[in-house]
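**Q** What follows is the residue order along each chain.
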Amino acid sequence: MRKNYWKKLLVSMTLVASMLIGVAGCGGDTTGDATPTQGATSGETTNDKKDDTAKKDPVKVDPVNVFGDYYVTTDNITLTYWHYEDQGMADRMCEAFMELYPNITVENKVISDMSTDLSAAAAAGTFPDVFEGTDSDTALANMYWADITEYWNADPENKNLMPTIDEYGIGMFDTSVRFAAPMRYWPSAIFIDRNVIETLNLDMPRTDWTWEEMIQLIKDATQYDPDMQYFGLGYYNRLDSLYGIAAVSKDVRQIKGEFGFNGEDFDLQYWAIGEQQFSDLKLAGYVAPQQSTQEMEDWTGDWDTWFGATGRVAVFSEGFWTYQNLWGVEGYQEQYGLDIVPYVTPNVIDEKEHNVISTMYMGGVSTSCKYPLEAYLLLKFMGWGIDGWKVRNEIYADTTITNDSGTPLKNAQMPVPLTLDETVWAGYKALFPQDEDRKPYWDDYFASITRPVPYGWYNIAGYWNFCDQYFNSIGIHDLVDNGTAKAADYTEEATRQANYYHADAMITYFGPSGYNVLSDAELAKYQAVVDSFLN
Amino acid sequence: MSKKEKKQKKPKIKVGKLEKREARAGYFFTLPWVIGVVAFLLVPLCQSFKFMWYNIRITPNGMIFNPVGIGNFANIWHEDPEFPQQIVTYIWQTCLEVPIIIVFALMIAIMLNGKIKMRAFFRLIFFLPVIIVSGPVMNMLVSEGAATIPSMNVQSIVAAFDVFFPTSVANSIGEMFSNMIMTLWYSGVQILIFLSALQKVDPALYEAAKIDGGSGWECFWKITLPTMKPMILLNAVYTVIFLSSNEQNVLITMIESAMFSGTKEKGYGYASAMAWMYALVITLIVGLFALMLGSKKDVYDKKAKKFKKLQKKEERIKKRVIRRGERHAKKVARNKHKYTTYDGSGDY
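Sequence lines, in order, name chains A and B. Take our numbering: the last position of the first sequence gets the number 539, and nothing is skipped along the way. Take our numbering: the last position of the second sequence gets the number 401, and nothing is skipped along the way.
One thing to keep in mind: the hints can contain errors.
Heads up, incomplete: computed chain B residues facing chain A, CB under 10 Å, no partners named [what the hints assert, rightly or not]:
hint	residue
1	Ile-111
2	Ile-117
3	Asn-119
4	Glu-309
5	Gly-320
6	His-381
7	Lys-383
Far from chain A by the CB rule (all over 12 Å, computed), these chain B residues [said to hold, decoys possible]:
hint	residue
8	Lys-67
9	Phe-295
10	Ser-314
11	Glu-318
12	Lys-356
13	Lys-366
FYI, nobody ran anything at the bench for these hints, they're computed from the structure. From the three backbone atoms N, C-alpha and C, an ideal C-beta is built for every residue, glycine too.
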């Protein structure tokens with residue numbers, strides 16, 4: 005009995021000890037991670053922290069005038085930067101920034117999921133000073149982004165950015181305040197496989213082609229072949245998104261975003277035409293099957309084949325990164341018998357200069373940051389700044405610099421510069437094919453992408469709520485794509501819903517319960533939209 | 054003697070040293086759980102109860118609480134059709150899967166308890182899935198289709214059940230068949246619990262039953278199953294909780310995604326309301342199983358109780374007869390000499 009007692013006691017003590025060690029371990033980790041981050045978030049100077057001063061010798065610098073009357077702090081500070089960049093690239097960029105401002109330490113982290121990571125950080129009091137996001141609704145609804153208008157306006161470098169950024173107020177969300185800035189930009193792109201065009205005895209289209217010419221090419225290039233069918237179009241980006249931006253002359257409607265958004269309200273009639281046209285192409289068999297589908301297996305005999313590697317598709321509606329990450333990788337095109345060149349997203353009307361729909365991550369300085377000027381400089385360096393892009397170009401040009409997967413950094417989600425600075429662009433263009441045969445295509449393409457318009461979720465308040473709770477919840481794309489409904493059937497109701505969600509979000513985000521930056525007239529205008537919808 | 058006196062005179066039993074030690078050991082064993090509850094559960098539990106009445110915005114500078122009353126519940130039921138649908142599916146699936154897991158675990162435990170070669174090895178094999186399903190490995194296996202039986206035509210099964218049951222029920226049954234392998238993989242811990250219970254059944258009972266000519270089948274129904282009944286309830290509760298909180302559960306994913314959703318309608322408040330509704334449903338299911346499998350007194354206890362009751366009744370009647378007799382005797386004594394006969398000779 006006595007022996008049993010001691011045995012029980014020993015087991016129970018061990019369990020308790022292991023539990024306590026676990027608890028203590030958790031506490032230790034939290035303290036270890038949180039202290040520097042919290043310090044950084046709150047913007048406390050590192051002079052107060054023994055650990056940080058031990059790591060980094062105190063640096064004495066003279067105040068640096070960055071622009072206007074703005075001087076960078078001389079304190080040793082730490083800024084935290086959360087992003088979607090390749091970790092290797094971000095580390096190098098942070099090092100370059102710290103060389104430029106020796107008294108500033110930058111800690112960076114890759115965001116795995118914006119909502120989850122940032123909500124958890126906000127709840128834990130470890131919010132980053134600077135971050136980029138893929139969903140502006142989340143950032144605005146929770147007031148993550150601080151007002152950076154004064155820095156933006158005072159910074160002369162911002163006068164030489166792509167014109168739509170200021171013209172359409174990208175990052176201002178239809179207010180007079182700049183909450184965010186475009187950080188990284190990937191324009192949509194149409195690519196053409198010249199080998200397919202040649203095999204099918206078709207003519208290459210002119211580079212300033214129109215929408216109708218593109219549709220005709222897609223139809224012409226869809227041909228039966230006993231070995232393997234040719235398809236006119238392979239898509240990642242749906243054509244309706246491209247059409248919605250390219251459809252209208254600015255004299256008719258100044259479209260600043262998806263679904264015919266002009267800065268005040270939506271008009272989905274332009275989207276509906278593109279949606280229906282795309283659906284008709286799919287139903288008529290002009291569009292190549294997607295990866296991991298039965299149709300793909302029937303076509304190629306392999307479930308996992310990607311249409312872009314078949315050599316049987318003429319036109320691709322792809323993300324810009326597809327070229328850099330796949331087709332641009334050395335030996336890839338030769339392996340699959342491809343000859344890919346970029347094309348401008350065609351305009352419906354034959355205008356030379358037009359907008360291009362784009363993926364555009366927005367970045368901002370957080371409302372909890374105590375060094376907003378320094379954080380703004382970091383934001384600019386990592387995003388659109390000339391200094392940052394010069395560093396980027398050097399890193400991208402050196403193909404020996406690779407990420408953890410062994411991929412050269414220029415083949416790992418390389419974005420497009422947002423500045424129009426010629427030095428930056430000269431370095432950037434040099435990263436693309438320079439042979440006489442292909443270079444003109446790239447030059448034409450780059451010349452055509454200077455008027456970006458971001459997808460809705462980057463720049464329109466309430467856009468994601470509309471998609472989540474109306475558009476996607478009833479599955480409009482699927483209904484139109486499989487022919488059970490016509491896009492035009494949804495135009496009126498979808499416009500009404502989109503306007504409501506936008507107006508409601510504007511009141512919530514920028515009204516008295518949010519940033520409180522709207523005038524009474526603006527509030528009344530949005531309230532009228534909400535009221536008319538609810539009644 | 055009054056009731057009070059009786060109570061006072063009740064002998065006080067002093068707790069022995071052994072009992073005290075055992076109690077201490079018991080407290081030590083439960084201490085990790087108590088610490089866990091106090092440190093990690095109690096505060097979030099109370100917080101989530103508070104949160105569900107608010108719309109919460111988590112800004113970098115702190116939380117903004119906007120009281121909405123039952124607004125979060127209304128939103129869930131009116132504007133988020135997926136959650137109620139998933140709750141219904143979850144109820145059906147749990148009610149179907151729990152009996153399957155329990156029966157399967159019991160069968161395997163009985164087999165593993167028998168005298169077979171490499172018994173320890175087989176016990177290990179059946180416990181291994183517990184380690185696998187508790188981590189992200191299971192998610193990878195499921196995504197590779199390892200949870201299904203490839204040759205099973207689930208669509209035909211759904212179509213067959215659709216004739217007799219509502220579509221939601223038929224779909225739940227179909228879902229269960231398509232995840233059959235995974236369901237069976239969830240039986241590891243239950244097998245272990247049954248096995249330990251089986252090993253505690255007194256072999257003398259089986260021996261006595263066999264001497265009386267009881268077959269294996271009869272022994273199972275009359276000895277094994279009644280002895281295992283508390284363990285069946287324990288395993289049923291464990292299985293419900295496991296199915297309700299594992300990574301494969303869609304509702305958990307929905308609550309988590311609502312919690313971290315940055316949209317103005319969702320967030321911590323909305324997710325808390327979801328979680329409390331879900332917790333209520335789980336409690337009801339656990340209650341249902343507890344009602345079905347909870348310990349009912351066995352037939353021998355019932356008979357013994359009935360017999361005792363009868364005995365008490367007989368005693369009461371006996372006492373009453375005695376009391377009546379005594380009363381009657383007293384009455385007779387009192388009336389003695391009171392009445393005389395006509396002839397004056399004496400008593401009646």
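**Q** For every hint, state whether the structure bears it out.
**A** Verification of the hints:
1. Taking 10 Å as the C-beta contact cut-off toward chain A, the hint placing B:Ile-111 at the interface holds, the least distance being around 4 Å.
2. Interface hint status for B:Ile-117: upheld, as the beta-carbon distance to the closest one in chain A is roughly 8 Å, under 10 Å.
3. Look at B:Asn-119: its Cβ gets to within about 7 Å of chain A, closer than 10 Å, so that hint holds up.
4. Nearest Cβ of chain A to the Cβ of B:Glu-309: about 8 Å, under the 10 Å cut. The hint holds.
5. The interface hint given for B:Gly-320 holds, since its Cβ lies 8 Å from the closest Cβ of chain A, which is under the 10 Å cut-off.
6. Look at B:His-381: its Cβ only gets to about 61 Å from chain A, farther than 10 Å, so that hint breaks.
7. At a threshold of 10 Å, the smallest CB-CB gap from B:Lys-383 to chain A is about 60 Å, leaving the interface hint violated.
8. B:Lys-67, annotated as away from the interface, keeps every beta carbon of chain A farther than 12 Å; the closest lies near 19 Å.
9. No beta-carbon of chain A comes within 12 Å of the beta-carbon of B:Phe-295; the shortest separation is about 21 Å.
10. Annotated as non-interface, B:Ser-314 brings its C-beta within 12 Å of a C-beta of chain A; the closest such distance is 6 Å.
11. The non-interface label for B:Glu-318 is inconsistent with chain A: the shortest C-beta to C-beta separation is roughly 7 Å, within 12 Å.
12. With 12 Å as the threshold on Cβ separation, the claim that B:Lys-356 sits away from chain A holds: the shortest Cβ distance comes to roughly 37 Å.
13. With a minimum CB-CB distance of about 44 Å to chain A, B:Lys-366 clears the 12 Å threshold, and the non-interface call stands.
Consistency with the previously given hints fails for numbers 6, 7, 10, 11, ordered from lowest to highest.
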